[in-house]
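Undergrad: Read in order, the letters of the sequence shown correspond to residues 1 to 172 in our numbering.
I should point out that these hints are in silico values taken from the structure, not numbers from a laboratory.
Do not rely on the hints blindly, as some may be mistaken.
Only pairs whose alpha carbons sit at most 25 Å apart, straight line, appear in this in silico DMTMM-like list of lysine to aspartate or glutamate [unchecked claim]:
no., residue 1, residue 2
1, 73, 60
2, 157, 147
3, 62, 81
Everything numeric in this text was worked out from a predicted model, so none of it was measured.
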Amino acid sequence: MNKKTKKEEGEKAAVSMVPIAEDKGIQASKKAKEEREARKVNEARQRKEAADEAKAARAEAKAAKDEERKTTKEEKARAKETARLERERLADERRALKAATRPCFCGCGTQVTGTFAMGHDGKVHGWYVRATREKKPEDLPVEASDEARAGLELWSKDRELTMKQIAALVRG
Numbered sequence: 001m002n003k004k005t006k007k008e009e010g011e012k013a014a015v016s017m018v019p020i021a022e023d024k025g026i027q028a029s030k031k032a033k034e035e036r037e038a039r040k041v042n043e044a045r046q047r048k049e050a051a052d053e054a055k056a057a058r059a060e061a062k063a064a065k066d067e068e069r070k071t072t073k074e075e076k077a078r079a080k081e082t083a084r085l086e087r088e089r090l091a092d093e094r095r096a097l098k099a100a101t102r103p104c105f106c107g108c109g110t111q112v113t114g115t116f117a118m119g120h121d122g123k124v125h126g127w128y129v130r131a132t133r134e135k136k137p138e139d140l141p142v143e144a145s146d147e148a149r150a151g152l153e154l155w156s157k158d159r160e161l162t163m164k165q166i167a168a169l170v171r172g
């Protein structure tokens, strides 16, 4: 055999082997491609699951925050309502105190919310000064109330007492 023939035979053998190798390579590449596709699908599924979990966590956090805001708003509303009711209660008490009148301590008959009508504490004080100076407690004016007469005894013992203090002691 000549050299050409051997060479040709080698080429023929090589050519005949190529399709077998190519078939194996094609099968290998198909398998690798399928594996890559399966990995991509698996990774995509994992990313989707992770995204869904993150979305669920965000939704849960938002729901908790909304609930907290709702609770805070309700607490503020309750506090505001409580403050309003307290203001109304105090206003009612003040109105009741203003409505609760009694006669002036001096006996003039004027209805007052305090102890004396305007300037009448000075009038009673003047009575007390004159009565003690003249040492005649019976010299109090006729219109003087029994309370004012009882107050004269207190004032004659302790002149440091104010008219309001005397009235409070007499009225008990």
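Undergrad: Against this structure, judge whether each hint is valid.
TA: Hints versus structure:
For the proposed pair residue 73 and residue 60, the alpha carbon gap of about 20 Å is at most 25 Å, so the pair holds. Simply put, residue 157 and residue 147 have alpha-carbon atoms about 16 Å apart, close enough for the 25 Å limit, and the pair holds. The hinted pair formed by residue 62 and residue 81 fails the criterion: a straight-line CA distance of about 28 Å is larger than 25 Å.
Of the hints listed earlier, the one the structure fails to meet is number 3.
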